Amino acid sequence: MKQVLEGSHAVAEAVRRCRVQVMSAYPITPQTHIVEALSDYCADGSMDARFLCVESEHSAMAAVIGAASTGVRTFTASSSHGLALMHELLHWASAARLPIVMAEVNRALGPGWNIWTDQTDSLAQRDTGWIQLYCEDGQEVFDTTVQAFRLAEAVNLPVMVVMDAFFLSHTFEPVEVPAQETVDRFLPPFKPRIQIDCGDPCAIGQLAPPNVYMEMRRSIQAGMEAVPDRFAALEDDFETLFGRRYGGVEAVACDDAEVILVVSGTVTGTARQVVADLRREGRRAGLLKLKMFRPFPSAEVRRILGPAPKIAVVDRNFSFGAGGIFAQEVRAALYSLPRRPTVFGYVAGLGGARHYPRYHPNDI
Amino acid sequence: MKPIPESFPEISLFIARSHSTTAVNQTGSWRFARPIYNEKTAPCSAVCPAGTDIGRVGMLAAGGRLKEAAALILEENPLPAVCGRVCFHPCEAVCNRARMDESMAVHGLERFLGDLALSQGVEAPPTEQRADGRRVAIAGAGPSGLAAAYFLSRLGFSCDIFESAPEPGGVLRWGIPAYRLPAEVLAGEIARITRLGCRIHCDTSVTSSLLSEIRRSHDALFVGCGHGKSIGIGIPGESMITDGLAFLADLRRRPAAAVQGRVAVIGGGNTGVDVARSLRRLGARPILVYRRRRQDMPAFPPEVAMALEEGVRLMELAAPVRVERADPGYRLTLQTMRVFETDDRNRARVCPDTAPEREMMVDGIFSAIGAEAAEPWQQPPRSGAGVLKYSHLQGDTRDFVTLYGGDLTNSVRSVPDAVASGKQAAMVFDTLLEEGAGAVSGRLEASRVGPGPSLSMEIYRGGPRKDRSPRVVGWDDLNPAHFLPAPAGLPGRLDLNHRLSSFSEIETTFSETTAVEEARRCFNCGLCNQCDNCRLFCPEMAVAVDRTRQIDLTYCKGCGICVVECPSSAMDLVEEQR
Numbered sequence: 001m002k003q004v005l006e007g008s009h010a011v012a013e014a015v016r017r018c019r020v021q022v023m024s025a026y027p028i029t030p031q032t033h034i035v036e037a038l039s040d041y042c043a044d045g046s047m048d049a050r051f052l053c054v055e056s057e058h059s060a061m062a063a064v065i066g067a068a069s070t071g072v073r074t075f076t077a078s079s080s081h082g083l084a085l086m087h088e089l090l091h092w093a094s095a096a097r098l099p100i101v102m103a104e105v106n107r108a109l110g111p112g113w114n115i116w117t118d119q120t121d122s123l124a125q126r127d128t129g130w131i132q133l134y135c136e137d138g139q140e141v142f143d144t145t146v147q148a149f150r151l152a153e154a155v156n157l158p159v160m161v162v163m164d165a166f167f168l169s170h171t172f173e174p175v176e177v178p179a180q181e182t183v184d185r186f187l188p189p190f191k192p193r194i195q196i197d198c199g200d201p202c203a204i205g206q207l208a209p210p211n212v213y214m215e216m217r218r219s220i221q222a223g224m225e226a227v228p229d230r231f232a233a234l235e236d237d238f239e240t241l242f243g244r245r246y247g248g249v250e251a252v253a254c255d256d257a258e259v260i261l262v263v264s265g266t267v268t269g270t271a272r273q274v275v276a277d278l279r280r281e282g283r284r285a286g287l288l289k290l291k292m293f294r295p296f297p298s299a300e301v302r303r304i305l306g307p308a309p310k311i312a313v314v315d316r317n318f319s320f321g322a323g324g325i326f327a328q329e330v331r332a333a334l335y336s337l338p339r340r341p342t343v344f345g346y347v348a349g350l351g352g353a354r355h356y357p358r359y360h361p362n363d364i
Numbered sequence: 001m002k003p004i005p006e007s008f009p010e011i012s013l014f015i016a017r018s019h020s021t022t023a024v025n026q027t028g029s030w031r032f033a034r035p036i037y038n039e040k041t042a043p044c045s046a047v048c049p050a051g052t053d054i055g056r057v058g059m060l061a062a063g064g065r066l067k068e069a070a071a072l073i074l075e076e077n078p079l080p081a082v083c084g085r086v087c088f089h090p091c092e093a094v095c096n097r098a099r100m101d102e103s104m105a106v107h108g109l110e111r112f113l114g115d116l117a118l119s120q121g122v123e124a125p126p127t128e129q130r131a132d133g134r135r136v137a138i139a140g141a142g143p144s145g146l147a148a149a150y151f152l153s154r155l156g157f158s159c160d161i162f163e164s165a166p167e168p169g170g171v172l173r174w175g176i177p178a179y180r181l182p183a184e185v186l187a188g189e190i191a192r193i194t195r196l197g198c199r200i201h202c203d204t205s206v207t208s209s210l211l212s213e214i215r216r217s218h219d220a221l222f223v224g225c226g227h228g229k230s231i232g233i234g235i236p237g238e239s240m241i242t243d244g245l246a247f248l249a250d251l252r253r254r255p256a257a258a259v260q261g262r263v264a265v266i267g268g269g270n271t272g273v274d275v276a277r278s279l280r281r282l283g284a285r286p287i288l289v290y291r292r293r294r295q296d297m298p299a300f301p302p303e304v305a306m307a308l309e310e311g312v313r314l315m316e317l318a319a320p321v322r323v324e325r326a327d328p329g330y331r332l333t334l335q336t337m338r339v340f341e342t343d344d345r346n347r348a349r350v351c352p353d354t355a356p357e358r359e360m361m362v363d364g365i366f367s368a369i370g371a372e373a374a375e376p377w378q379q380p381p382r383s384g385a386g387v388l389k390y391s392h393l394q395g396d397t398r399d400f401v402t403l404y405g406g407d408l409t410n411s412v413r414s415v416p417d418a419v420a421s422g423k424q425a426a427m428v429f430d431t432l433l434e435e436g437a438g439a440v441s442g443r444l445e446a447s448r449v450g451p452g453p454s455l456s457m458e459i460y461r462g463g464p465r466k467d468r469s470p471r472v473v474g475w476d477d478l479n480p481a482h483f484l485p486a487p488a489g490l491p492g493r494l495d496l497n498h499r500l501s502s503f504s505e506i507e508t509t510f511s512e513t514t515a516v517e518e519a520r521r522c523f524n525c526g527l528c529n530q531c532d533n534c535r536l537f538c539p540e541m542a543v544a545v546d547r548t549r550q551i552d553l554t555y556c557k558g559c560g561i562c563v564v565e566c567p568s569s570a571m572d573l574v575e576e577q578r
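Top line first, the protein sequences correspond to chains A and B.
Under our numbering, the first sequence has 250 at position 250, and the numbering climbs by one with no breaks.
Under our numbering, the second sequence has 362 at position 362, and the numbering climbs by one with no breaks.
Treat the hints as calculated values from the structure; they're not laboratory data.
Keep in mind that the hints are not guaranteed to be accurate.
[What the hints assert, rightly or not] Derived CB-CB ranges, DEER-like: (1) A/D197 - B/R547: 23 to 33 Å; (2) B/G63 - A/V72: 25 to 35 Å; (3) B/L484 - A/V72: 22 to 32 Å; (4) B/L484 - A/S46: 43 to 53 Å; (5) B/G63 - A/S46: 26 to 36 Å; (6) A/G199 - B/G156: 47 to 57 Å; (7) A/P188 - B/Q26: 22 to 32 Å.
In this text, all values refer to a predicted model and were calculated from it rather than measured experimentally.
Where a beta carbon is used, it is the ideal one built from N, C-alpha and C, also for glycine.
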């Protein structure tokens, strides 16, 4: 059934339908609406879950790590400075192979104090071993949250569902909310491979000598490498049940394109319009939407972008001294090609600044 | 839907996990300090003259164990319904909760439990003592005499109380107006005391012949006659001044006639305030005339505040000089006083000011400037061989064991201090007759609540309270993170119009809901209230709960987390002795 939902509430609704058992979070704008709704669901009994109030994001992540270690389905949400405060424990969650799902609302880091959207917060966590999935609209937020639990539990790695502040978190859109039974068919109860058992006490996450530590890291990478196939497979099921699929990347009019715009997040909607306008004018423009950032879908990026002469990557993030982060990743993916497209990197929209669908014909 | 293809190879999952149980790691071997359960003394109970175990009363009431809570008060105080109404509750002044929001309303909870004990027939906690023929005579059925009879009866003594008035209660019956203490509440608590077997002989003054008889028939005498005689004011025209204590007593004997016009009440103590408030209820416009300032008044500040609320006026720094008859009424001449210094408690010392005398035309004058022992034999002995002095007693063992208590000996003249006298007398008589004079100070010392001087009958009788450390728990000993702010419960109050038109009781007793909520505000300072934090926070699962709590020293590594997370400081970390 279609409901008009705020982006934040689309996440919360999905979490409720995923029958999450333990949640912990600390409020921060623009994430707060998510956990407010979830604590309401716990209070009114519509969710059979424990909501742990904590004093910081660091503790929120610690709490869900503890809960996930007991083999229950867990969720948290954060943003910006809150995510930065979790940093240490993000590494722990992935190396402990705990399938935690987090909604991460992209917000700029201060100073200047800024609550508007900017991807630098989540991209600064790219090396923590979390799967990252970026969303374009409210429906995708709902669907990705549901998919995230199945993906996380399939590969024993945590997943960050990433969404833009305000443009997505605080915008109301019609969202198809599937029936509980259908979600249950897609997402069966969690069968943990790691589970603390009081009857068989053991230590987990304890000392690992160098050789063991190296193997653990290789195992995480193996999990990451399995993600594209696993994601594709679960999307097959998802499409069967719900009639939608997203892919790790989405290519629009790329087959014969002379120039391909590479975007992520809500700016994708603007880019779709620009590409449609250019096509109407007879210009051969295409669009690549990056949904999956970790693991980076290098093979698909190479396959789609490789034939085009020019690539324009629009980054709403900044790695100072290097430029836009998506542009770097795209360049690295294309490097192994014998004939590489020219990649132009554009940093735009930081701290919530707008992207306007204007272009100069000579830029193409 | 086609079945989910699970043809994928199993995902690599290589994590650090031990394959033996962690039980092999006996973390207790790391320990250089160990946690111990060590219950301590709550500040409220240490300052309660009656030694009431307030922290545990709060704990029992918070758990809904209301009759047990009432019985626990009765272990230490025979008059909870009275004290819940008239005690000046020093416990609340030292309540650690005040550092978070407001003190716990101990008096409100005590009053509720006192009333509950009356309405539900909660009796004095039984003792193992059996009547054994030891007999004590008690002069005066006021609070100290009643308390002495209560505790002595419970220790197996046979008691006779001799009371000159027609009914027992002393100052509670004749000195405190009904709007503060209804007669039936007092009667109920006295009945519970007499059910222990002691006899109250009313209309029986202790004459010299009765004294001689007591010396023959009893083993000891407790003198708790109180201050029955008002101190004279000593100014010309004194005969035209009505004695405040006698006025209050008359009010309790028979319905009073209306009093019109402006009346002066001389004095700044509780009796003066009660006289003025009673006169207000009878229709007069009373003015309290006090030689010092409001902040120097010995009356309890809330009583002064309510008196002013009710329309009693206060004239500070004015001392009566003479009274003359005028027509109509009287001319009261007053000397204006000034503060010439303040003592170390910031109480004013005053002397006549240079300003001329003032005159005040009034329709009546009452005085309540203090009282003293009514007869010479009631005076405690000053000093000498065989004279005993304790915190709430003085005694004389020269020819017949006689102990003096209550207002006759106490520096703070209050009901709970009178209860303290009665309790101390019971302990002294009991020890004196059982173990001899040499044992008395040791037994009293061992029965102290915290640093004293309050005494606990439970400790004296060897109850579990004796195991607590005398250390008084302060705010810094607590972990306030485990307490949520909550406002103190408020009793209902009669509105002003109703207050002024009757002698009905002003405040109502807490409802059960309010009382339990109030009890939940209690931090239970120094006491284990089974919150289970020590077990829940222990990283080694080394806290075992099987009726009592124990630390499993095989695994306790001495981290001290349990001690820190104990909200009420019922645990300590001590150095490991190896």
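Do the hints match the structure? See the list:
1. A/D197 - B/R547: 23 to 33 Å: holds, 28 Å
2. B/G63 - A/V72: 25 to 35 Å: holds, 32 Å
3. B/L484 - A/V72: 22 to 32 Å: Hint holds: Cβ distance 27 Å, inside 22 to 32 Å.
4. B/L484 - A/S46: 43 to 53 Å: violated, 26 Å
5. B/G63 - A/S46: 26 to 36 Å: With Cβ atoms ~32 Å apart, the hint holds.
6. A/G199 - B/G156: 47 to 57 Å: With a Cβ separation near 56 Å, A/G199 and B/G156 satisfy 47 to 57 Å, so the hint holds.
7. A/P188 - B/Q26: 22 to 32 Å: violated, 41 Å
Going down the numbered hints, you'll see the structure goes against 4 and 7, while the others check out.
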